[in-house]
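Undergrad: Listed below are the residues making up each chain.
Protein chains: 2
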Amino acid sequence: MPDRLAPALESRDGSAILALAEELHYADLANFYAELDDDEDRDFMVQTLSPTTFSDILAELPDSLREEAINRYKPAQQRELLSALTDDDRVDVLQDVSEETQDSLLELLSTEEKELTETLLKYDEETAGGRMTTSIGRVTETLTVKAALDELRNLQDSAETLSRIFVVDERERPIGFVRLRDLAFASRDTPVRDIMLDVKETILATADQEEAATMVRKYDLLALPVVDESNRLLGAITYDDAMEILEEESTEDMEKQAGIAGEQSEESYLRTRILVHLRRRVGWLLVLGFLAIASGYVMIQFEPVLNSIFLLALFLPMVIATGGNTGGQAATMVIRAMSLGELEAKDSWQVAWKELRLGMLQGLILGLSLAATCLLLLPLLLPDSMVGLNLPHFTLAVSSALTIQVVASTLIGALLPIGARAIKLDPAVIAAPAITTIVDVSGMMIYFTTARLFLGV
Amino acid sequence: MPDRLAPALESRDGSAILALAEELHYADLANFYAELDDDEDRDFMVQTLSPTTFSDILAELPDSLREEAINRYKPAQQRELLSALTDDDRVDVLQDVSEETQDSLLELLSTEEKELTETLLKYDEETAGGRMTTSIGRVTETLTVKAALDELRNLQDSAETLSRIFVVDERERPIGFVRLRDLAFASRDTPVRDIMLDVKETILATADQEEAATMVRKYDLLALPVVDESNRLLGAITYDDAMEILEEESTEDMEKQAGIAGEQSEESYLRTRILVHLRRRVGWLLVLGFLAIASGYVMIQFEPVLNSIFLLALFLPMVIATGGNTGGQAATMVIRAMSLGELEAKDSWQVAWKELRLGMLQGLILGLSLAATCLLLLPLLLPDSMVGLNLPHFTLAVSSALTIQVVASTLIGALLPIGARAIKLDPAVIAAPAITTIVDVSGMMIYFTTARLFLGV
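Sequences listed follow chains S and X, in order.
My numbering applies: residue 1 is where the first sequence begins, and numbers increase by one.
My numbering applies: residue 1 is where the second sequence begins, and numbers increase by one.
Any given hint could turn out to be false.
One copy or any two copies: either way a pair holds, since identical chains are not told apart in the list.
[Claimed, not checked] Heads up, simulated EDC-like pairs for lysine to aspartate or glutamate below, C-alpha to C-alpha not over 16 Å straight-line:
{"id": "1", "residue 1": "Lys114", "residue 2": "Asp198"}
{"id": "2", "residue 1": "Lys346", "residue 2": "Asp96"}
{"id": "3", "residue 1": "Lys218", "residue 2": "Glu60"}
{"id": "4", "residue 1": "Lys146", "residue 2": "Glu172"}
{"id": "5", "residue 1": "Lys218", "residue 2": "Asp56"}
{"id": "6", "residue 1": "Lys200", "residue 2": "Glu22"}
{"id": "7", "residue 1": "Lys346", "residue 2": "Glu35"}
No lab work stands behind these hints, which were simulated from the structure alone.
Here the structure is a predicted model, which is why all the values come from computation and not from measurement.
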């Protein structure tokens, strides 16, 4: 269906666009708008759609496209657009525009809207307060069901969620919640108190958004109440915001582990400009590249060893790479377990003990496989290299190097993220690059040292 | 608060446990139960909690703990437990027990429950049908609001979601939905038709669960209707199931990219047994380890080059590692964009063109940095190595090797996942391991070939 938008736009067929906009989901409309390259195309879309319709699209647009989209409207239409946005989306949009635009847009709002928006703008974008909606239903426990429904009626269109209605005391503290279904089916004179359920979880407005989203997921919540330091109800994080946050955080974790720096771009991969991609990727490439010279330096120190038995080069990349692989596996497991809230600081010893045993098992399996390969296949595959080679000693050297490297790398991979968190560094950012470097250098040293030991070179 | 459970259990204080079970969220209770090591502790928990209370806990337990938990109850209690489960959780639980247990549990159900459960069991666990709930509200458009509410009243406690009530035609096809809030606030004689909204998205029961979850996220849905091939409404995927699915899939993607095989374990990192960890990790370690010998083999072929200018070893690990890093970055970006639904097959050329330019920019930056390092620092840091070395040629050799390696690896990293998907392989499983191997071998060849070219060795 979104395919019919392009021809309608090309032929400047306003009524066809309006009809399609009615049928399509605003997320698809936003995608379509974001993919438009032509300035006049965007202008025609904006001029055709009412500010109210466009408000839904605006909330779904990548941050960087928002300002220019808003500025295609005249102030009166901008006012309409801003009023149609939910409070959390309005704040989100205002956080993405320049200061002048923000100021001029704030002036368009009604006193009440402006006050609310300015309060919300004070919270950092990545906190529960910065992501919450304030358009929630709230009632007091002494109301009857009928009175509660009457109070909520005027929120019918504006509230972001009414499935959970919070019950507050006289100081606005959340003491429970009711499900809309219980209000809808209870007899009208039942007091709210009788159908109220416990609020088991709340979150501080200053808490990290990821913490809020994790609670929503863990406890299967529709809306998690957000409170201030005095436990007064400010708003709620809804399930759809939580889903968005969790996806963003997963993407960021993956990117960080691959050495991609900075904030995840809200624009799609294809829309993101090359220079933005470059800026996010080249930094770690440079750092890691120059750190890898350390590995080469170690190799140079062992020139005599390699020169006297050049066959050692055959398994050198294997030992180094296996360290990287096993360290990477352990780090991925531990980092993910930490971000799913499974691991606490007190579990460090347990992790270390688990990975030590696992590393030894892996090291033995890999070491024995390599030993078998050396003894059985080497004489067949590279018969020339056997001249003057003490095959049993050579086998012992390379396979024990592999075993040691695997044990060491597994431990390093598991413990570095824990260590990083202990000193308040982001495990995903620090661990992956550090692991590669450490494991490469240590692998090089282990390899040549065992060779010296067993081969006497 | 969960901290108070342990002492209560230790002193076998049943009433304290019951009181705490009332206060705590079932997700926390499930965590507590899963962490118990002692068989008698588990038994006491199960015997203390009613089957109805335990049903919520059971649904949150790791798959592998479910059967033994159920078998702690007598058949009459098992019946109670199973009836208290929502239909999708019941199916989920039955999928995780042995065949005999499944058969005997099915016999405990009422005819109606049994029939429904058997129908749902036919869908694969990882499809929309396998994850959907069938306890949803459905009404017809000719009903009045009053009649609709009366029909829905008996679902008040059993339905998993009533916030969205689906409107079906005489052949059970979804033609729209109503929000519970609109039912609650509309006048009682309004026809449902008048407050009905369009259903814009449905999903086939046989579709992959990830596709369903992605739609729920993209379109901010509370419940996505699931239909059969004749477009009849079967059930819905709710937002909380979608969130669970998305988290599972993100974890699996991360693990696959790190070369961790098989299904994500539902048990926490710490609870997962060592042999399970081992089985998931050691396979790729062996495969990748032995593939890395190819790299060593290339190195052996170039023995004369390395022997005549051993200083080449200084930058060899850097060139190899940088290829791995840049390939990994490109692959991570592309794989994530694919799993977020941003990239289609037709975008392949655009990706290739983008990454080619990006690779060239990165290659130039890295190559020039390395050239500057060689020319300026090498004579200072390793003066001895300058004897007989043609520094400009050496610089040209290593820095052009780095540039070529970066361009090649960026392209390989971006295109391999796309290629893997084109031949229906999982990009995350195939791409990451293949990239490491290919990039290591090609890096080795590029490095020594440029050395031969520019240094005449």
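Undergrad: Run every hint past the structure and note whether it holds.
TA: Hint by hint, here is what the structure shows:
For a Cα distance limit of 16 Å, the shortest separation of Lys114 from Asp198 qualifies neither inside one copy, at 33 Å, nor across copies, at 33 Å. Neither within a single protomer nor between protomers do Lys346 and Asp96 lie at most 16 Å apart by alpha-carbon distance, with minima of 40 Å and 32 Å respectively. Taking CA atoms no more than 16 Å apart as the test, Lys218 paired with Glu60 passes between copies only; the shortest distance there is 10 Å, against 26 Å inside one copy. Taking the shortest alpha-carbon separations for Lys146 and Glu172, neither the intra-copy value of 21 Å nor the inter-copy value of 34 Å comes in at or below 16 Å.
Within a single copy, Lys218 and Asp56 get their C-alpha atoms only as close as 29 Å, which misses the 16 Å cut-off; across copies the closest is 13 Å, which meets it. For the homomeric pair Lys200 and Glu22, the shortest alpha-carbon distance between copies (10 Å) is at most 16 Å, but the shortest distance inside one copy (40 Å) is not. Only between protomers do Lys346 and Glu35 lie at most 16 Å apart by alpha-carbon distance; the minimum there is 15 Å, versus 48 Å within a single protomer.
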